[in-house]
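**Q** Below, each chain spelled out in residue letters.
There are 2 protein chains.
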Amino acid sequence: MLESPMLETADVIEGGDAVLLTFRQGIRRRFHAIWLRDNAQDAATRSPDNGQRLIGLADIPAALRLSAARVEAGRLIVAMAPEGREFAYDAAWLWQHAYDREPPRQRGWLDAHRATWDASLAERLPSADITALGRDDATKRRWLADIRRYGIGKLTGGPITDGALLEVVAQFGFARETNYGRVFEVRSEIAPSNLAFTGLGLPAHTDNPYRDPVPTLQLLYCLENSAEGGDNRVVDGFRAAQRLREESPRGFELLAGYCAHFEYRGRGEVCLRARRPMIELAPDGELIGIRFNNRSAAPFRDVPYADMADYYAAYRRLGELLESPEMGVTFKLAPGEAFLVDNTRVLHARTAFSGEGSRWLQGCYADRDGLLSTLACLEAAATGDDA
Amino acid sequence: MLESPMLETADVIEGGDAVLLTFRQGIRRRFHAIWLRDNAQDAATRSPDNGQRLIGLADIPAALRLSAARVEAGRLIVAMAPEGREFAYDAAWLWQHAYDREPPRQRGWLDAHRATWDASLAERLPSADITALGRDDATKRRWLADIRRYGIGKLTGGPITDGALLEVVAQFGFARETNYGRVFEVRSEIAPSNLAFTGLGLPAHTDNPYRDPVPTLQLLYCLENSAEGGDNRVVDGFRAAQRLREESPRGFELLAGYCAHFEYRGRGEVCLRARRPMIELAPDGELIGIRFNNRSAAPFRDVPYADMADYYAAYRRLGELLESPEMGVTFKLAPGEAFLVDNTRVLHARTAFSGEGSRWLQGCYADRDGLLSTLACLEAAATGDDA
Chain A
1 MLESPMLETA DVIEGGDAVL LTFRQGIRRR FHAIWLRDNA QDAATRSPDN GQRLIGLADI
61 PAALRLSAAR VEAGRLIVAM APEGREFAYD AAWLWQHAYD REPPRQRGWL DAHRATWDAS
121 LAERLPSADI TALGRDDATK RRWLADIRRY GIGKLTGGPI TDGALLEVVA QFGFARETNY
181 GRVFEVRSEI APSNLAFTGL GLPAHTDNPY RDPVPTLQLL YCLENSAEGG DNRVVDGFRA
241 AQRLREESPR GFELLAGYCA HFEYRGRGEV CLRARRPMIE LAPDGELIGI RFNNRSAAPF
301 RDVPYADMAD YYAAYRRLGE LLESPEMGVT FKLAPGEAFL VDNTRVLHAR TAFSGEGSRW
361 LQGCYADRDG LLSTLACLEA AATGDDA
Chain B
1 MLESPMLETA DVIEGGDAVL LTFRQGIRRR FHAIWLRDNA QDAATRSPDN GQRLIGLADI
61 PAALRLSAAR VEAGRLIVAM APEGREFAYD AAWLWQHAYD REPPRQRGWL DAHRATWDAS
121 LAERLPSADI TALGRDDATK RRWLADIRRY GIGKLTGGPI TDGALLEVVA QFGFARETNY
181 GRVFEVRSEI APSNLAFTGL GLPAHTDNPY RDPVPTLQLL YCLENSAEGG DNRVVDGFRA
241 AQRLREESPR GFELLAGYCA HFEYRGRGEV CLRARRPMIE LAPDGELIGI RFNNRSAAPF
301 RDVPYADMAD YYAAYRRLGE LLESPEMGVT FKLAPGEAFL VDNTRVLHAR TAFSGEGSRW
361 LQGCYADRDG LLSTLACLEA AATGDDA
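Residue numbers (the UniProt record's numbering), protein chains in the order written: chain A, 1 to 387; chain B, 1 to 387.
Worth double-checking, as some hints may not be accurate.
[Unchecked claim] Sample of chain A residues facing chain B (criterion: CB under 8 Å; computed from the structure): (1) Ile27; (2) Asp49; (3) Ala92; (4) Trp95; (5) Tyr99; (6) Ala170; (7) Arg176; (8) Phe184; (9) Ser193; (10) Tyr258; (11) Leu272; (12) Arg295; (13) Cys377.
Please keep in mind that the hints were generated in silico from the structure rather than gathered at the bench. On a predicted model such as this, the values are computed, not experimentally measured, just so you know. The C-beta atom is built at its ideal place from N, Cα and C for all residues, glycine as well.
Sequences and hints are given; from them, build the entire structure.
**A** Quick look at the structure:
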């Protein structure tokens with residue numbers, strides 16, 4: 001975000017429907033009267049206690065107009081008719097919230113806080129010591145910011161204790177309980193209810209795409225790992241989607257434009273189904289989610305016949321990109337180590353395991369809202385020299 | 001879903017890329033070789049233990065072709081090259097999963113399990129006795145099916161006990177813990193962190209649009225309600241969106257096509273923000289979500305200047321529709337009564353309360369995935385005579 005230039009002039013335009021602001025260097029931004037009124041910061045509009053808006057649009061006259069506008073001490077002052085009141089806005093705040101600009105045009109654009117990655121992330125894989133995470137706000141803030149940026153972070157130095165992962169989750173948010181429990185045991189079982197609970201290798205996948213809403217975070221915490229194999233691999237679904245878009249814009253649009261079906265049936269007590277696209281875009285094209293899981297993909301039936309062959313070709317190609325060695329980062333967790341993935345974006349995989357030893361991970365779902373809230377508060381509290 | 005007509009013939013078409021099935025009465029459906037192979041039901045493709053797929057597309061040759069197809073005892077049998085294996089598919093299953101049809105064209109179409117409603121739902125507002133819900137599967141199944149259809153259900157006859165709402169949630173799913181707790185107290189507070197915790201009236205809103213993912217269900221359970229006022233009102237956001245679409249297709253598209261911003265800042269420890277549209281459509285136009293909350297709407301900054309005035313006009317009109325008396329259902333909860341709303345769709349409101357008595361509700365969030373799973377299992381278990 002560019003620092004706000006000084007606000008110089010304000011002129012009522014469009015018969016009072018809007019104001020034209022001119023900042024230094026002649027940069028112009030227009031704001032509508034209704035937008036300014038709705039976003040007024042006075043104590044009758046916004047609760048000083050909690051910042052919530054006290055009025056609805058029904059409380060704002062439809063005939064609202066700007067009757068005057070001026071710049072005073074770097075602030076915009078507008079008078080509103082028919083209310084006959086004045087409202088003031090900081091220039092920097094207006095600059096930050098200006099909407100008088102072209103919307104993004106590229107399908108699959110990314111939020112500025114996010115960056116995609118490939119295998120080269122291995123050299124700088126975000127990681128933090130679990131003890132430091134709990135004691136030091138700067139460590140926590142950096143680790144959470146890395147999760148926001150890359151969707152993946154490792155943790156080391158934790159206790160080798162049943163349930164320790166819940167204390168990690170409590171550092172930034174709240175566990176999401178599901179039919180798998182608050183905590184689920186990832187180890188080889190006899191008659192497993194899910195292939196995750198076998199020694200089979202699992203290709204890169206997001207968890208629970210058959211659930212809506214999907215768990216947006218997953219923590220996998222290692223308690224034992226003396227088995228042969230059982231390495232973890234993570235891969236950035238956003239990077240894979242970007243590569244697909246470069247190779248085949250049509251393939252990208254097919255996976256974003258039609259819903260896939262996902263399903264998981266546990267024995268008699270669970271029957272989860274979801275209908276969502278493999279590549280999820282916001283209505284203005286922001287890339288916001290990936291769902292990819294060969295185990296739980298149900299028959300696709302909302303892709304029309306004319307597009308199904310190309311849809312499958314794009315699905316196949318996305319899978320190839322996800323499995324491509326130059327795309328992923330592989331590691332083997334030691335007991336007391338863990339990793340957290342943004343399950344709306346980063347896929348995880350594991351190699352098969354077997355042999356003399358044993359492998360026991362505990363898993364837990366949580367959600368991005370709590371994590372991003374914790375991060376935003378830490379960032380707000382951080383002084384400039386540490387930020 | 002029409003019952004499956006008899007499958008009569010199967011012909012390989014498109015050089016083996018697909019098969020053309022002819023059902024009785026000449027109804028034709030085509031299926032691709034890759035789709036059939038990916039959805040094969042044999043034990044090497046799908047785990048007999050848990051139904052999960054054991055192969056990925058990488059395990060299916062790109063050169064896959066159908067070398068032969070026939071109908072045998074009402075089933076489709078296809079031979080696949082180069083694997084040289086045969087696979088069988090039930091005709092009824094193929095009929096149910098056929099995708100050789102036109103996709104829905106209407107923006108804002110609804111899932112067949114859902115129906116929109118207005119004030120006339122008051123006469124048949126879904127309701128169940130809490131004791132019966134816990135004891136009788138048919139009662140539970142019908143009540144959950146009503147939630148799926150209408151997004152609202154009342155409950156009566158429950159204990160007047162702190163935390164009783166969690167036992168209700170456990171009947172169908174899992175509570176979602178947030179910064180407000182697993183359970184939050186809805187009563188008048190001094191220095192409230194949220195306007196919900198005052199005696200103020202609240203216009204129709206969905207909860208927590210500043211959270212992503214939003215809690216998809218909300219249960220509000222009454223423990224005391226002797227105050228004057230404090231009536232609850234519920235309104236179907238989907239019906240309001242449909243009405244907006246009828247009145248103003250452009251207004252509907254603006255609210256669906258641009259993201260709004262929502263924000264909630266608790267004192268220092270919470271800073272939740274989300275960027276999502278007020279009307280959410282799946283990529284193929286299914287109406288899947290409503291976010292509407294005047295208290296937590298943040299400045300909209302991703303609607304371009306040229307569309308902002310019309311965006312606000314649509315936002316205003318949607319709010320008028322939501323507050324319109326012919327749209328909502330009003331009731332006053334007695335102690336031991338509760339209601340559950342689908343928070344992605346049904347808005348709730350309350351009138352102001354005050355006076356001699358007191359009003360104490362407990363609230364809890366949960367998610368649709370668990371509810372729909374419980375319902376699907378109950379439906380699968382129900383015999384035909386009761387279904």
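**Q** Mind checking the CB of A:Asp49 against every CB in chain B and telling me if the closest is under 8 Å?
**A** Hint on A:Asp49: holds, closest Cβ of chain B at ~6 Å, below 8 Å.
**Q** Is the interface hint for A:Ser193 satisfied, with its Cβ closer than 8 Å to some Cβ of chain B?
**A** holds, 6 Å
**Q** Taking the least C-beta to C-beta distance, is A:Tyr99 closer than 8 Å to chain B?
**A** holds, 5 Å
**Q** A:Arg295 was flagged as interface toward chain B. Is the shortest Cβ-Cβ separation under 8 Å?
**A** holds, 4 Å
**Q** Please verify that hint: A:Ile27, Cβ, nearest Cβ of chain B, below 8 Å or not.
**A** violated, 14 Å
**Q** Does the CB of A:Trp95 sit less than 8 Å away from some CB of chain B?
**A** This interface hint is violated because 11 Å lies over the 8 Å limit.
**Q** Does the CB of A:Arg176 sit less than 8 Å away from some CB of chain B?
**A** This interface hint holds because 6 Å falls under the 8 Å limit.
**Q** Do the numbers back the hint for A:Ala92, that is, is its least Cβ distance to chain B under 8 Å?
**A** violated, 13 Å
**Q** With chain B as the partner, please determine if A:Cys377 meets the hint condition of a C-beta pair closer than 8 Å.
**A** holds, 5 Å
**Q** With a cut-off of 8 Å, does the beta carbon of A:Leu272 approach a beta carbon of chain B closely enough for the hint to hold?
**A** Interface hint status for A:Leu272: holds (5 Å vs cutoff 8 Å).
**Q** Given A:Tyr258 as an interface hint, is its Cβ closer than 8 Å to any Cβ of chain B?
**A** A:Tyr258 check passes; min Cβ-Cβ to chain B is 6 Å, inside 8 Å.
**Q** Are A:Ala170 and chain B close enough, Cβ to Cβ, to be under 8 Å, as the hint says?
**A** violated, 10 Å
In summary, the structure is inconsistent with hints 1, 3, 4, 6, 8 from the numbered list given earlier, while agreeing with the others.
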